[in-house]
Amino acid sequence: MSRRSLTLLKNLARNANGSGFQTRSVTYMPRPGDGAPRAVTLIPGDGIGPLVTNAVEQVMEAMHAPVFFEKYDVHGEMSRVPAEVMESIRKNKVCLKGGLKTPVGGGVSSLNVQLRKELDLFASLVNCFNLPGLPTRHENVDIVVIRENTEGEYAGLEHEVVPGVVESLKVITKFCSERIAKYAFEYAYLNNRKKVTAVHKANIMKLADGLFLESCREVAKKYPSITYNEIIVDNCCMQLVAKPEQFDVMVTPNLYGNLVANTAAGIAGGTGVMPGGNVGADHAVFEQGASAGNVGKDKIVLENKANPVALLLSSAMMLRHLQFPSFADRLETAVKKVIAEGKCRTKDLGGTSTTQEVVDAVIAKLD
Amino acid sequence: MTMAANLARRLIGNRSTQILGAVNSSSGAATSVARAFCSSTTPITATLFPGDGIGPEIAESVKKVFTTAGVPIEWEEHYVGTEIDPRTQSFLTWESLESVRRNKVGLKGPMATPIGKGHRSLNLTLRKELNLYANVRPCYSLPGYKTRYDDVDLITIRENTEGEYSGLEHQVVRGVVESLKIITRQASLRVAEYAFLYAKTHGRERVSAIHKANIMQKTDGLFLKCCREVAEKYPEITYEEVVIDNCCMMLVKNPALFDVLVMPNLYGDIISDLCAGLVGGLGLTPSCNIGEDGVALAEAVHGSAPDIAGKNLANPTALLLSGVMMLRHLKLNEQAEQIHSAIINTIAEGKYRTADLGGSSTTTEFTKAICDHL
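These protein sequence lines are chains A and B, in that order.
Using my numbering, the first residue of the first sequence is number 1, and each one after it goes up by one.
Using my numbering, the first residue of the second sequence is number 368, and each one after it goes up by one.
Same shape as in the complex, but just chain A (with noise of 0.2 Å):
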């Protein structure tokens, strides 16, 4: 008896004196046998890919995960994800991922797209938040964007009516908004958001766009205690650069959702931040949040000077997914406090570490 209020004093010292981070006890219950290991598969892709992905290997091997990857080298010329590749990812159920380079203007489609469709991962999620110590222009950030992420403007179908003139297919279908609004939703409901904002354009768009906002309509009348409000896409950008504290939840087709979703990272902190991941009925994978450039620059590579918080975060985020949340709440805090000390960051968040300076720190602060 004693000795178990020992421990909690000391639990109590600790939270007191500490710098903020709570360490808290978890009250999450396994089944037997949840903690066998979990095979994960693991794409390092392009650019500054490898470099990231092989900072969360280091440090899931320095916290014991009970994860194990299956690396997979695809890039982003390949006209198709290999075979291998998408059975170890359909076996294993969840997969995270470095960036794949789309050539621009060239003839093949995104590879990220592809695996994006053939999975049927249709919510993207990216997590845009203010990090303790890191300063931005912006305060109270904390916007969770839902974006539908298969059909849209992204349905690739384009083709030229006559030499001079070419049409390109918006696809907006129920079945599709309606899925994306119910996850949005759920996610809302299951996370303790309290407001779900749907971005459009249907004053322009009526058809397409109007088809996504009913859809959302019928299911935010299921939810009761969560707030549904709507805005125009444009007046949705003004705010976020102007006043993005009243955001929480947004929920946006495919294109209006990369556009939100960069801007939000861009004023919390950055892409090299922000977590994200892409989720489906059946299959995950996660990678960095906002795809802005997400190769990077070759000069990031050669330097070694990536940002690797995005990637350790999204990692974060698949533990818990996995169902593993002490660890992924002993990774998220030991990442927040090497950003909030200031000592250890990389070039675009204003310092001058190299990616492994930071993981080294990130595995030091690990308890």
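Rather than coming from a laboratory, the hints here were simulated on the basis of the structure.
None of these values were measured; they are calculated from a predicted model.
Any given hint could turn out to be false.
As the list claims (entries may be wrong) - Cut-off 25 Å, straight-line C-alpha distance, at most; resulting in silico cross-link-like pairs (PhoX-like, lysine-lysine):
1) B:K620 to A:K347
2) B:K620 to A:K343
3) B:K592 to A:K101
4) A:K243 to B:K620
5) A:K182 to A:K93
As the list claims (entries may be wrong) - Reference excerpt, derived from the structure (chain A facing chain B, CB under 7 Å, subset only):
6) V165
7) I172
8) M205
9) A242
Beta carbons are placed, not taken as given, at the ideal position from N, Cα and C, and that holds for glycine.
Put chain B on the given structure of chain A with help from the hints.
Relative to chain A, chain B alone:
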């Protein structure tokens, strides 16, 4: 071709109307513009749409400032009608549109589109009838009005006629809707030409084309191809291409990276509003629509604010700055500079500011302060 003829006309002067012949319907406007270039005492006629809500007050403001500055413009005022004109299928009358076509320049205040069916939106009417193909919006930080961003100085040029806003949608089967995005070579070339020309005449060094050609390879690919073709004709201007998600991110992190941005319709809409948000909102942003045959319609893009209408509280900055853009288009650069400096200095001083900028002056006080600064 029309733009080149326009430039030639202005450069050659009075005689041009006989040499080049009538490229467009009325030569009266051509001579008046040419005359303006030669002598600044003959007044130019310009159409003025005061608009609704706070429109008339801010239009008064503009008229006063322009008169004090000695700008040789005679305003032809037109109001939005209360009934639908069958010739235009909207509340704008045929006479209003003819007036803009004749004068070649116009200034438009905020218009509230009445809700209802059976008529086209006012902005759509203007755009289609006058063939306004480019929307130009300069966004620069106003010294003295602090926002989170201090070093913004960029111009967004947006293609205004096609792209995702063609309005061509249909339901394929129940629950499946298709919307067409159209990109044509002609429209893309037109807006790219204007963008580079604008960059050249305003001494800008860089033009960035914003696109999503890695996903929409044919449509945005065509847009980029046209931009590249035009870029070759202007070797002194740096040309680059930026993917739109990258652009959004860079804009909110470091807007000083951009100079002139040229984009198709949808991206332009979003990016120009984003940039307006960076500098302080739509209440301070000027805008100008360029049409075929050298038509320029400057407008204030904010709403008509019916709640403060008639109370002398409105901020006329957006309309004034749009008027300045109009003057620059007419090559009355001296007066444009004068008025522009006066506005900037008044806001920088901080003594006279309207409510939306955090001050307590009325519209008339603010206008008077600007006139004093001239």
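To see whether the hints hold, each was checked on the structure:
1. B:K620 to A:K347: Holds: B:K620 and A:K347 sit about 14 Å apart, inside 25 Å.
2. B:K620 to A:K343: 22 Å, holds
3. B:K592 to A:K101: The given pair, whose Cα atoms are some 21 Å apart, holds under the 25 Å limit.
4. A:K243 to B:K620: 15 Å, holds
5. A:K182 to A:K93: 21 Å, holds
6. V165: Since the shortest Cβ distance to chain B is 5 Å, the answer is holds.
7. I172: 5 Å, holds
8. M205: 5 Å, holds
9. A242: Holds, about 5 Å.
Checked against the numbered hints above, the structure violates none of them.
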